[in-house]
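Enquirer: Make the full structure from the sequences, and use the hints.
Just so you know, the protein sequences line up as chains A and B, in that order. When we follow the numbering used here, the leftmost residue of the first sequence carries the number 1, and every step to the right adds one. When we follow the numbering used here, the leftmost residue of the second sequence carries the number 1, and every step to the right adds one.
Hints listed in this document are in silico derivations from the structure and should not be mistaken for laboratory results. Everything numeric in this text was worked out from a predicted model, so none of it was measured.
Looking from chain B toward chain A, a few residues come up when the C-beta cut is under 8 Å (computed):
{"id": "1", "residue": "206"}
{"id": "2", "residue": "207"}
{"id": "3", "residue": "210"}
{"id": "4", "residue": "211"}
{"id": "5", "residue": "213"}
{"id": "6", "residue": "214"}
{"id": "7", "residue": "215"}
{"id": "8", "residue": "216"}
{"id": "9", "residue": "217"}
{"id": "10", "residue": "226"}
{"id": "11", "residue": "230"}
{"id": "12", "residue": "306"}
Covered stretches of chain A (chain B as the covering partner; in silico rule of three or more C-beta atoms under 8 Å from a C-beta of chain B):
{"id": "13", "region": "79-93"}
{"id": "14", "region": "98-104"}
{"id": "15", "region": "114-120"}
Just so it is clear, CB atoms sit at the ideal spot from N, CA and C, and this is done for glycine as well.
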Amino acid sequence: MPLLEVENLRTYFYTRAGVIRAVNDVSFSVGEGETLGIVGESGSGKSVSCYSILGLIPKPPGKIVSGHAIFDGVDLLNCPEKQLRRIRGKRISMIFQDPMTSLNPYMRISDQIVEPLLVHEKVSRSEAFAKAIAGLREVGIQDAASRINLYPHQFSGGMRQRIMIAMALISRPQILIADEPTTALDVTVQAQILELINQRQKDLGTAVIFITHDLGVVASFCKNVNVMYAGRIVESASTDEIFGHPMHPYNAALQQSIPALHKKGELLFTIPGLPPDLAMDLPGCPFAPRCPHATDICKDQSPSLTEIVPSHRTACTRFQRGEISNLRINETAPAL
Amino acid sequence: MIKIIVGRLLQLIPVLWIILTLTFFMSKEVPGGPFSAERQATPEVIARLNAYYGLDKPLWEQYLGYLGKLARFDLGPSYTYQSESVNEVIARSFPISLQIGTLAFCIAAVFGITAGVIAAANKNRLWDYLPMSFSMLGICLPTFVLGPILALLFGLVLRLAPVSGWHGLNYVPFHPMIMPAVTLGLFYAAYIARLTRGGMLDILSQDFIRTARAKGVPDHQIILKHALRGGLLPVVAFLGPAFAGLLSGSFVVEKVFNVPGIGQEFIKSVFNRDYPLVLGTVAFFGILIVVFNLASDILQALMDPKSRK
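Expert: Next comes the structure, spelled out in structure tokens:
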């Protein structure tokens with residue numbers, strides 16, 4: 001029994017430009033204490049799918065068109081707002097991409113850190129403060145007792161992300177959703193923050209959903225990975241499998257684009273073309289126009305995520321039919 | 001902080017000097033004189049009057065004489081009220097404008113901010129459109145239309161308030177201040193409502209509001225604890241000048257309700273070429289504006305941790 005089970009989630013945005021199918025039939029699950037990575041480029045729907053689960057997408061224009069997200073017997077997508085609010089920040093918390101803008105600049109960090117406790121639990125302010133100070137120490141902020149009264153602008157970016165982590169973990173949630181928590185940080189600080197999340201996860205046994213576009217982070221961090229493209233999961237497997245036996249051309253192409261795999265001086269590999277416009281109705285496989293393996297069937301037949309070997313699923317029709325197996329794209333980067 | 005405040009107050013001196021110099025020469029440029037409008041006085045009488053008030057002296061001598069008196073906080077005699085000095089005219093009329101203006105300010109701030117917050121919290125729904133339509137009305141409706149309507153409705157039809165006049169503070173059931181204050185404050189309330197809505201919407205779209213929602217903070221706490229402080233910053237910047245504007249009275253409102261406030265005195269002094277009274281009220285308004293702008297800035301600095309030392 002997984003801790004969180006998301007089924008057939010569809011989140012659409014009704015804009016003037018048309019209906020944006022930001023998340024289109026996504027299903028995944030997270031087990032207790034497990035780490036799930038969701039990778040994909042900007043606009044692939046990875047953040048929106050997690051925001052949908054917590055009811056954080058702006059409505060309107062957003063709307064959850066279909067789906068269930070079963071967490072401890074409660075369907076988060078179809079429960080009263082009040083019930084969802086009791087889960088948000090208490091049993092499922094979230095940290096965000098940009099710690100510069102995600103903390104309230106008008107409030108002392110103390111008041112922000114204790115907030116989940118004061119909202120969800122019957123604790124006194126002093127108790128909450130003591131917990132907040134302890135929480136700050138645990139994320140490596142020295143002098144926590146005196147610095148807790150400062151405002152966010154008095155901290156550096158890395159420190160602020162530590163504060164965010166302390167705040168998200170203060171109520172000991174069962175799931176932590178980390179939405180690109182290191183994207184806005186310096187490279188050196190990135191490693192520290194990742195290590196910190198890893199450490200805190202081990203200490204508390206929290207499950208982590210890690211949204212990122214950094215395959216390196218996924219490789220070192222996650223047990224299972226969902227690869228998302230154009231609002232759908234195109235491949236889902238354990239991290240070893242994802243890297244060892246890619247079963248979707250998009251996943252393979254992503255890996256080929258990692259700069260570290262290129263020789264110095266060699267042009268970097270890029271995937272030709274652009275992601276599709278999500279306002280268009282897409283028949284067939286969304287990756288087909290950019291896929292070197294695509295044939296007519298990919299343009300016509302809408303692929304579904306199918307298990308090929310146990311717990312390795314792909315949405316590539318041709319792979320499912322056994323027509324292709326080696327997905328390495330033997331094409332060098334286009335000449336500039 | 002204290003240094004900045006003292007510095008800003010010292011700026012008052014050059015600001016006032018520039019305002020008064022401009023006003024002095026401009027008012028003398030205007031054709032006519034303080035005694036030309038009165039009942040046909042003989043030329044000898046006018047000459048005597050001019051001599052008595054020093055108006056026959058060269059302009060620069062009058063100017064220096066005025067500055068000299070000003071340095072001793074003497075704003076000179078009023079030409080229209082023979083028995084009163086300008087200081088006395090201000091001391092008599094300002095308290096009335098102060099009372100009406102303060103009430104108008106409270107009405108404007110309370111109703112404006114409340115309406116703006118409610119509108120922002122219900123963006124693009126009924127409780128956004130309703131207060132915002134009202135505020136559009138308030139901005140568009142001139143005081144010379146609203147004032148008589150209120151006087152008609154509450155004074156003549158409902159008979160709850162005096163139609164006009166200043167009856168002291170004990171008039172029942174409706175205080176005579178209320179109608180002029182409402183008339184005066186409605187535009188400001190409407191404007192503050194729109195400013196508040198804009199500021200709040202700006203803050204409510206920020207990332208940290210999403211963080212608060214992710215923490216499970218209830219909506220009303222998000223508005224009051226997370227958004228209000230930042231959302232009101234643009235409003236606070238406007239409150240200072242608005243208060244100064246309200247305190248300096250309004251000729252129209254004071255005329256409509258026949259209230260002897262400072263706004264009327266100011267306009268009348270211009271028509272009467274009562275030079276010292278013109279200069280005195282201008283200087284007084286200048287001080288009000290500078291002081292309340294400063295108050296606005298201080299309040300803003302206190303509300304924004306980033307600008308606080």
